[in-house]
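Following the hints, complete the assembly by docking chain B onto the known chain A.
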Amino acid sequence: MFPMPIEKWKASNRILYKLSLPVALLIWLLPILAVLVTSVRSTDELMEGNYWGWPKDFAMLDNYREALTASPMLHYFWNSCLITIPSVIGAIALASMAGYALSTYKFRGNTLLFATFVACNFVPQQILMIPVREISVSLGLFNTVSGLILFHVAMQTGFCTLFLRNFIKQLPYEMIEAARIEGAGEWTVFYRIVLPLIRPALAALAVLVFTFVWNDYFWALCLTQGDDVAPITVGVAALKGQWTTAWNLVSAGSILAAIPSVLLFFLMQKQFVVGLTFGASKG
Amino acid sequence: MPAQTPVITPARPQPSDLAAASKPRRRSTASRRNRAAIWFLAPACLMTAVYVLYPIFYTIYLSFFNWDGMMKPEFIGLANYVEMLHAPTFHVALKNNLTWLLLFLLAPPAGLIAALYLNQKVRGIRLIKTLFFAPFVLSGVVVGLIFSWFYDPTFGLLTLLLGHGVPVLGDPRYVTFGIIFAALWPQTAYCMILFLTGLTSINADQVEAARMEGAKGWSMLRYVILPQLRSTTFMAFVVTIIGALRSFDLISVMSSGGPFESSTVLAYYTYDQAIKYYRQGYSAAIAVTLFAIMLIYIVYQLRRLLRDER
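For the record, the sequence lines run as chains A and B.
The opening position of the first sequence corresponds to residue 1 in UniProt numbering, with each subsequent residue numbered one higher.
The opening position of the second sequence corresponds to residue 1 in UniProt numbering, with each subsequent residue numbered one higher.
There could be a bad hint or two in this list.
Unchecked claim - Pairs of lysine-lysine, DSS-like flavour, derived with a Cα cap of 25 Å:
#1 A:8 with B:72
#2 B:129 with A:8
#3 B:121 with B:216
To be verified - Covered stretches of chain B (chain A as the covering partner; in silico rule of three or more C-beta atoms under 8 Å from a C-beta of chain A):
#4 53 to 59
#5 82 to 90
#6 194 to 206
#7 239 to 250
Hints were generated in silico from the structure; no laboratory data involved.
If you're wondering where the values come from, they're calculated on a predicted model, not measured in any experiment.
C-beta: ideal position from N, C-alpha, C; glycine also.
Same shape as in the complex, but just chain A (with noise of 0.2 Å):
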């Protein structure tokens, strides 16, 4: 292990290592802690200038009701949970077909479109934006759910082909061989062998997706206009134009959405890590 393991270390040292983690933290996380104190301080009290101070009545209920209904926000974030859960399930779909063939089938081209989907993920998403929106605008998907739905499906389809081809192509291939000579379709193969094997493959990846698809700013820009459809992101964002001095509401209203993809990190960490983690040393 490196560094010196603690328990080899001076005493003193110890207890200093020990004191030093919770400040450390502390400076860490100050954004963020900052944010939670705004979003329960009245607004009263951020006219009298009290900002960092701690807050003397709690205006928590207030402000979220405030920031829930004075403005779209529940709306903001019912449609980001219409776009982003359809994406997931869509992107994982089409990506784990397409990683079982990558990997169990040896056919030309396999190398050149596994490379392909991998090139997918470093392409700077400015140079998709024009032909994308006009894309969305003739098939009459701009502005529209579906139409954000199936842009995000195509951009997260590479990063997570590239994820299960490699996971399976680890799994022994012995048993998918196995099954073919019991008589089982291609299609049998990879539904009721295949998938079962991989499940903490696809856990790993939803996670991962849906905290990129849930925090998406530039799609959700470019291919919404309005209030209509825009997800979280676009509405926290205006809600700071719009209420520049109102601090504690668009604090509130951050919080807000930065919730889902928070505590799905917290509730299934080990999988968010091991997405992050495994699709980076093998990218």
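Same frame as chain A, but now just chain B:
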């Protein structure tokens, strides 16, 4: 492999299966499998072709046209590129991209330091590691908002710390640095998690052996640990470089490229020209330039990947 992985017990062969298996299969196996591969790949390939590959080529094509998005596009050859090379904003964007790149490269070492600092077994360390990583999960919009507020010259935390207001986001001299600083926060968290994972796979015997030899602290890190972390380090640098070139959300939320377009980068400049000024062809030319810069990393990555495949 986690415990929930099901053990595969092949179902009892059904009569129909046996019939299928006993038929001559010479003829069909190869072609049937090829057909299956096509069906499995078709949806993903179709989506990627429509939404990623075609747009890349279309944007390259479009970069040779003058087009406002409505009238008929007019072919103008390289004029967009020529104009771009002479545009002061393009130079500002390029310079800012370079600044982003250089300063963003602080994230891997900072992440390594954080990882080394947290790589101890004490009570509650898991929770602390988790909390340290939390900023990475936040949306760029939220991080942007938090830091805009942090920098506010009348009441922001920075003002409070310094004792006087500095309009970080309103001053062309500071704005880019202010935004990069905000972006480093989640990026350092990301690098930290990569290094923490890398550290767990370090060969303990080697570390012990080196320790016997008297290696410790810096020399241990330099000669024993870092060589073992090479692939992690490489990855941390790649995701950081790509992240630096991609920067858009924070700039959009914190400064909209301003003041006076002083904090714009190629990604934001592309967006700005297409959406605000309806200059699709010109915007395409900037996007192609950004793509060309990123292609260096894409090709490098692919070559590495294909080498590993062999």
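How the hints compare with the structure:
no., hint, verdict
1, A:8 with B:72, "75 Å, violated"
2, B:129 with A:8, "21 Å, holds"
3, B:121 with B:216, "19 Å, holds"
4, 53 to 59, "holds (count 6)"
5, 82 to 90, "violated (count 0)"
6, 194 to 206, "holds (count 5)"
7, 239 to 250, "holds (count 6)"
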